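Based on the hints, put chain B in the right spot on chain A.
For the record, the sequence lines run as chains A and B.
When the count follows numbering that gives the first Met the number 0, it moves up by one through the first sequence with no breaks and lands on 122 for the last residue.
When the count follows numbering that gives the first Met the number 0, it moves up by one through the second sequence with no breaks and lands on 398 for the last residue.
Hints listed in this document are in silico derivations from the structure and should not be mistaken for laboratory results.
Wrong hints could be hidden among the right ones.
Simulated restraints on C-beta separations [said to hold, decoys possible]:
1) A/E99 / B/D5: 50 to 58 Å
2) B/G99 / A/D69: 23 to 31 Å
3) A/E13 / B/K75: 44 to 52 Å
4) B/F108 / A/D38: 48 to 56 Å
5) A/E13 / B/R378: 39 to 47 Å
6) B/G90 / A/E95: 45 to 53 Å
7) B/D132 / A/L67: 44 to 52 Å
8) B/A365 / A/T108: 21 to 29 Å
9) A/P103 / B/N272: 30 to 38 Å
10) A/E99 / B/N66: 35 to 43 Å
11) B/K32 / A/E95: 42 to 50 Å
12) B/T123 / A/D38: 53 to 61 Å
13) B/D98 / A/T62: 20 to 28 Å
Below are the DSS-like pairs computed for lysine-lysine, each with C-alpha atoms no more than 27 Å apart in a straight line [to be verified]:
14) B/K187 / A/K30
15) A/K10 / B/K187
16) B/K260 / A/K30
No experiment lies behind these values; they were computed from the predicted model shown.
The C-beta atom is built at its ideal place from N, Cα and C for all residues, glycine as well.
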Amino acid sequence: MKNHTLPLAFKSFEKWVSDWSISHESGRFNKRVSTEMSDLNDFVVALQGAVEQMIDHLNTMPTADPDLLDPENRRLFDLVLMWMEASIPFDLDWDENDIEDAWPADRLTFLKPSYFPDPLNRK
Amino acid sequence: MQTHLDSLIRGTVEDLPSRISLGELLTAENFAKEKETIWRRAWLSIGHTMDVPEPGNYLVYDIPTFNLSLLVIRGKDEKVRVFHNICRHRGNKIVREGDGKKAVFTCNFHGWSFGTDGKLLNITDAKEFDNCDPDQLGLIEVHSQIWNSFIFINLAEKPHCTLEQWLGPMFSQYDNYFEHQEKVASFKSVVNGNWHLGVNSFTEGYHTLYLHKSTARDYQGGKSNPDRHRPHIEIFDRHHRYSAPGNPDKVFVRGEKIAAKYGRLMIPAFDFNLEGLPPGVNSAKHDKWAFDVVEFFPNVVMLIGNCWHNEITFWPIDEGKMLITNQAYAYKTKNLGERISRSYFRARVRDVFREDLNTIEAQHNALSSGVMNEVILSRQEMALRHHYKVNRLMMEGNL
Chain A
0 MKNHTLPLAF KSFEKWVSDW SISHESGRFN KRVSTEMSDL NDFVVALQGA VEQMIDHLNT
60 MPTADPDLLD PENRRLFDLV LMWMEASIPF DLDWDENDIE DAWPADRLTF LKPSYFPDPL
120 NRK
Chain B
0 MQTHLDSLIR GTVEDLPSRI SLGELLTAEN FAKEKETIWR RAWLSIGHTM DVPEPGNYLV
60 YDIPTFNLSL LVIRGKDEKV RVFHNICRHR GNKIVREGDG KKAVFTCNFH GWSFGTDGKL
120 LNITDAKEFD NCDPDQLGLI EVHSQIWNSF IFINLAEKPH CTLEQWLGPM FSQYDNYFEH
180 QEKVASFKSV VNGNWHLGVN SFTEGYHTLY LHKSTARDYQ GGKSNPDRHR PHIEIFDRHH
240 RYSAPGNPDK VFVRGEKIAA KYGRLMIPAF DFNLEGLPPG VNSAKHDKWA FDVVEFFPNV
300 VMLIGNCWHN EITFWPIDEG KMLITNQAYA YKTKNLGERI SRSYFRARVR DVFREDLNTI
360 EAQHNALSSG VMNEVILSRQ EMALRHHYKV NRLMMEGNL
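One chain only, chain A, in its complex shape (with noise of 0.2 Å):
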């Protein structure tokens, strides 16, 4: 049995999964919205010197569909979005987690393919 979450090249990275590997566009965006800046920036700052290496790695899967990815695949996969999705708020010199005068995100709701059942069940 394996006792890993994440593909072993990024084993050190596991204690991020359970919070932040999530794997629709809905959930990523609540998350954001929703979390502190302070823990948000912990997030992205502990990642943004492996995300591309990330990335090189799940671009060596043989597929382009994050559903057929084995389950440690399929969370680094989620957990890279998240990570782009956290970053926004840094990148672009917001005090805030979300912007001051949007649409509440309470207010949207999320359709296919931004949301859709959990492939792992995680959640």
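Same frame as chain A, now just chain B:
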């Protein structure tokens, strides 16, 4: 260096109004007229044939404007048809919601069943019915036509024109464009505002310097076009489009650099690659072109880039409420790096869209209050001027 860009404008614009008495358009009485003179007569886009890719695939499409539910089915013969989602026996809704695949559509009320072509296949306990001809009791079909994978419907008893006539010159200008993209994201919102305000929020670029200063601060314009004037505006009979100017001086942020390394640039970053685009996309061949904005009057606004497009669909519920759906499409990916890149740009533009959306309810409340009836439109808001001309002509029965 040039620091001002005059828009190239094509089409008849001399008679377009620059002041609109918008308050008058937001009333229940006006909306009741618009429903019959515009929404029931117009060709309306409800999706793509790729949403029902194989025989038996179906989807339920509800239209709140008329309290209608439609059933879109790809038949065994590959033809995509649109039906009213109503059992011919007692009017029950045959498929409640969603999409899927079926060979037979059976009403769960009394078990009447219909084929993928809408024909009535079986009446349960048929001998108990008098004068019941199954050939006359198939699902009620809605007028529909396919255009470059779009499914258009017309709710009139008899459409007053063909889809080709409705779309005018644009009909032949987008061949082989939409079919190369796939849906990558979708969401909807019910907005407490009039449908005109919804459409208007997405059909001018004047606001981008101000409203989007936090989410896409330098994606358009640049040093040579600091006011972000539209390079090209085209006015047709019913519809219009304009091009948005990319910014060659844009500074890429960290996420954009990573996304650019692994995939194609998408809004809010542009690569100015104009290869292989059909004549309707960037029709003026502007070299620093970012994307086009196209309004298919009345219910769809599209943002069209070189490898992506966004479809924003508006369905009025009443004079002060509408359903808005945003669907993003993009190039088909060859690897996971492209998937990640595509998702990143999609996340960026979602925030831009939320800023646009957030102007509508405030405007509606203010303009409904009676304090201010008239709005003033600049030349950079030419599309809005045209929108209201088309609206007026259709309400008068002259278009």
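Going through the hints against the structure:
{"no.": "1", "hint": "A/E99 / B/D5: 50 to 58 Å", "in the structure": "34 Å, violated"}
{"no.": "2", "hint": "B/G99 / A/D69: 23 to 31 Å", "in the structure": "28 Å, holds"}
{"no.": "3", "hint": "A/E13 / B/K75: 44 to 52 Å", "in the structure": "50 Å, holds"}
{"no.": "4", "hint": "B/F108 / A/D38: 48 to 56 Å", "in the structure": "52 Å, holds"}
{"no.": "5", "hint": "A/E13 / B/R378: 39 to 47 Å", "in the structure": "57 Å, violated"}
{"no.": "6", "hint": "B/G90 / A/E95: 45 to 53 Å", "in the structure": "50 Å, holds"}
{"no.": "7", "hint": "B/D132 / A/L67: 44 to 52 Å", "in the structure": "50 Å, holds"}
{"no.": "8", "hint": "B/A365 / A/T108: 21 to 29 Å", "in the structure": "26 Å, holds"}
{"no.": "9", "hint": "A/P103 / B/N272: 30 to 38 Å", "in the structure": "36 Å, holds"}
{"no.": "10", "hint": "A/E99 / B/N66: 35 to 43 Å", "in the structure": "37 Å, holds"}
{"no.": "11", "hint": "B/K32 / A/E95: 42 to 50 Å", "in the structure": "44 Å, holds"}
{"no.": "12", "hint": "B/T123 / A/D38: 53 to 61 Å", "in the structure": "59 Å, holds"}
{"no.": "13", "hint": "B/D98 / A/T62: 20 to 28 Å", "in the structure": "24 Å, holds"}
{"no.": "14", "hint": "B/K187 / A/K30", "in the structure": "19 Å, holds"}
{"no.": "15", "hint": "A/K10 / B/K187", "in the structure": "38 Å, violated"}
{"no.": "16", "hint": "B/K260 / A/K30", "in the structure": "26 Å, holds"}
In the structure shown, a violation is registered for the earlier hints numbered 1, 5 and 15, in ascending order.
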